[in-house]
Every structure is written in structure tokens, then in C-alpha cells.
Amino acid sequence: MVTKTEESQLNKLENQVENGGGGAWEYLCLARKLKVRRSDKVLKYGLSILNDSRKRSSLGPDEWTLYEQVAVAAMDCHAVDVAKDCISALQKKFPESKRVGRLEAMLLEAKGSWEDAEAAYSSLLEDNPFDQVIHKRRVAIAKAQGNISAAIEWLNKYLEIFMADHDAWRELAEIYVSLQMYKQAAFCYEELILSQPTVPLYHLAYADVLYTLGGLENLQTAKKYYSSTIDLSGGKNNRALFGICLCTSAISQLARGRNREDKDSSSDLPSLASAALEKEYKLHASDKLSVLTSTLKCLRVSS
Amino acid sequence: MAGAGGGELKYELAQNAYVKLVLHALKHKTSAVNGVLLGRTSPKNENLVQIEDSVPLFHNHLGLLPPLEISLIMIEEYYSTRGLGIVGYFHANERFDDAELGNMSKNIADHISRYFPQAAVLLITRSLKLYRKGKIAALLCRFVSYASMAF
Numbered sequence: 001m002v003t004k005t006e007e008s009q010l011n012k013l014e015n016q017v018e019n020g021g022g023g024a025w026e027y028l029c030l031a032r033k034l035k036v037r038r039s040d041k042v043l044k045y046g047l048s049i050l051n052d053s054r055k056r057s058s059l060g061p062d063e064w065t066l067y068e069q070v071a072v073a074a075m076d077c078h079a080v081d082v083a084k085d086c087i088s089a090l091q092k093k094f095p096e097s098k099r100v101g102r103l104e105a106m107l108l109e110a111k112g113s114w115e116d117a118e119a120a121y122s123s124l125l126e127d128n129p130f131d132q133v134i135h136k137r138r139v140a141i142a143k144a145q146g147n148i149s150a151a152i153e154w155l156n157k158y159l160e161i162f163m164a165d166h167d168a169w170r171e172l173a174e175i176y177v178s179l180q181m182y183k184q185a186a187f188c189y190e191e192l193i194l195s196q197p198t199v200p201l202y203h204l205a206y207a208d209v210l211y212t213l214g215g216l217e218n219l220q221t222a223k224k225y226y227s228s229t230i231d232l233s234g235g236k237n238n239r240a241l242f243g244i245c246l247c248t249s250a251i252s253q254l255a256r257g258r259n260r261e262d263k264d265s266s267s268d269l270p271s272l273a274s275a276a277l278e279k280e281y282k283l284h285a286s287d288k289l290s291v292l293t294s295t296l297k298c299l300r301v302s303s
Numbered sequence: 001m002a003g004a005g006g007g008e009l010k011y012e013l014a015q016n017a018y019v020k021l022v023l024h025a026l027k028h029k030t031s032a033v034n035g036v037l038l039g040r041t042s043p044k045n046e047n048l049v050q051i052e053d054s055v056p057l058f059h060n061h062l063g064l065l066p067p068l069e070i071s072l073i074m075i076e077e078y079y080s081t082r083g084l085g086i087v088g089y090f091h092a093n094e095r096f097d098d099a100e101l102g103n104m105s106k107n108i109a110d111h112i113s114r115y116f117p118q119a120a121v122l123l124i125t126r127s128l129k130l131y132r133k134g135k136i137a138a139l140l141c142r143f144v145s146y147a148s149m150a151f
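Chain order of the listed sequences is A and B.
Residue numbering for the first sequence follows the numbering used here, beginning at 1 and increasing consecutively.
Residue numbering for the second sequence follows the numbering used here, beginning at 1 and increasing consecutively.
Since the hints were made in silico from the structure, they are not lab data.
Backbone N, C-alpha and C fix where the C-beta goes; we use that ideal spot for every residue, glycine too.
Just so you know, not all the hints are guaranteed correct.
What the hints assert, rightly or not - To be clear about the criterion: a stretch of chain A counts as covered by chain B if any three or more of its residues have a C-beta under 8 angstroms from a C-beta of chain B, and this derived list gives those stretches:
| hint | stretch |
| --- | --- |
| 1 | 44-55 |
| 2 | 201-212 |
| 3 | 242-251 |
Kindly produce the complete structure, drawing on both the sequences and the hints.
Structure follows, in C-alpha cells:
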């Protein structure tokens, strides 16, 4: 997961390189560090460095890391021949390497030979059963073949061993959401919130899932988590502000049949949220302010 | 593309609407995307639905209700002043060889068709397909070839 400052830094570098200002190597290093998926740019800039023998030799030992990075980017962009060339260069330099073996198995995966790739990964895992990347590639193979239940199974097995891998928990939650298995997705987000309670993204996603599940209790909990998101993100999160308005409206719709619970303590909350939203819109999108006000009115009217 | 009398529904997709959706799908190559189609029934021919515009919606977490509700309300508000309503739903799957309309898309499309019974679902696959809610219209093939010729 990338912070806003890191992302803006990356985008700045990308613009700079795109407009001929140089800095390709810094961009590639940053992309590798942040583990973002910008394969088309990485491929373009990486190849520009690798194909120029002067630039390549000026990299020194980092040349091989660059080969690896470009090979993976090429496979993501379906430039299988480029990937093959990079991997053969690496094979010549490091003949018995497990890391290169992993790349070769990924190449099989990129070509679509699923069984061969699976076999290669299993044999690599026998030598090193704790290689996280290979476990995750197995999940990816299942997902690419459309076998989502196998992907879920592999991912669950992986998480039993590597419980601290936040990205894997997020991936599992997203898969569950796409299959509309919201209770399981909620569980994944709960794990994430337990291990990293100060990341507002997880609170927000958890609140969204709770709202989608529905039911009075879930809606009330969702409202609390939207509030904690706003708290953690310093009030800047529009989705959470909207979430509060939605929750209030939905809760009062559900509670209409029963006794009106005293919600005076939190009755300021929706009006505060609406006020904050209106301020944001005035600042950034003043021409859409009328749409916002009518939406908020619609939510309040239906409540 | 003359329609027979009584019941054969036709859809006209404006270039702007189509291009916006395809660009949205291209920008987020690695995730499923969705969007809504906006338009109206033609005043001259009640069997013709003119899809004039589209709004791309999300590119991850398609199954979450809060953003969807807010965006549908806002889109209705914004476009009703321009005389357009939500007439359909657009979806593109994560994998390029996945040509199935998932459960979630069906639910959203059902919801839309409750407000507009002639709603359409546009599923972008390797070959363009347009499903009419409930059945695949026979004129589908002709529509597809027209669309591929135009773009």
C-alpha cells in the first residue's frame, strides 16, 4: 500500500521521464521499492536502459536486478519474447539460481502452460517451502484460470502460515467481496484492523462491507467505523462522510417501525458530515455542489 | 435495421458513451470495471432506446453498496435535469476470457430494470455483446457488427 506522498513522487518522476527529463533509473528504483504495478512504464524505461550498453554497464551489479524487474514487467504486458531474453541473460550469469528458476516458472505461467508452471512451482517449493512469492503465484494461477474457489483455498492455506501478510488479507477480502461473500470479507478486514488499527483504509472498507451486509446492528457498527475513518484520516475522507449520511438514513428507515431510539447524542453527526462534504465540494468541485445538496436532501427525506 | 411491429427492442449507442466506457476499461486493465448507461426512449419510436451518454463507475470493490448507492442517486439527480435517465449497466470482467455476467452484475441490472423495464446490460468481452435484460435480442448480431464497423 502506497501513501499519497509516495504516489505523487512516483507520478512526478514518471512525468519527468515521459517528457524526456531523465531520471528513469530513479523511477525504476522507486517503483521496485513501492511494489506498484506500472508494468508498461517499467518495461519502456527499463528497456531503454538495458538496450543502451553504456547505460547498462554504468549500473554495475544492479544490472541484474533491473533484468529481473524488466522480465516481470514484460510478462505483465504480455511481451513474452522480451521476458525470455531477460531471463536467458540472467540464466547465463546465474546458472543454478533459485531466483532465476522462479522467473522461468513465471514465464511458463505467462505463456499459459498452467500445468507446467504448477509443477515447476511445486518443485521449487520442495527446496524452499517458505518462499512467499511462489505461494502467491499459485494463487494467481488459480485465479487466472477462473478457478476462484481454488484460489480462495490456496490463499487461506497461505495465510495460515503467513498471518502477517496484509496484502494477502486484502486480496482475500476483495475476492470475497467480488463473490458477494460479505461475512467472510468482514472477517478479513477485522484481521487487518486488529493488526494495523491506525490505517483508515481498513476501517473504511470494513464499514462498506458492514453496510452492504445490512441489518440494524451492522449499520450502527458501520457508522462507528466511518467515524473512526474520519478521525484517523483527519476529516479528509469523502467516502466516509458519505457513508455516515447513508448509514443515518438507512438506520432511521429501519428504526421507523420500532420505537424511535434516542439518538440525540449522535444527531449532530449527519449534519456535521453534510456540512463537511459541502465545504469540500465548494473547494474542489463547485459546479457539482447542486448535485450534492439534492443528494443529501434525498437521503434526509427518505429517512 | 427495420424492426418488426410490436416488441422488438432496439438500442442505439452513441459514440461518446461507448468510448468513455472502453477508455475506462483500458485505464484499469487489471480489474473489473463497471458503469451506467444513460439515455431515453426515443420520442418517435417507443421500441428504440437511445443510449446517449455513460458514466464509468468503479474499478475495484464493485460489490460494495455505499459507493454504488451514492453514485446512482447523484447520477439520477444530475442527468434528470438534462432529460436523461439510467437505462442500463455496463460491465467488463477482470479476465479477458471471462464472458459471463456475474451474480453481482445481474443484481445491479435487476435493480436498474425495476426503474426502467427496457434496461440493457452491456458486457464488454473480446467481442462486444449487448444483453437485453431477460433475453438476448435477435438483432444483437446486427447491432454488434454495426458497432464494430463504426469504431
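Going through the hints against the structure:
1. 44-55: Result for this restraint: violated, n = 0.
2. 201-212: holds (count 6)
3. 242-251: holds (count 3)
Comparing the model with each earlier hint shows a violation of hint 1 alone; every other hint is respected.
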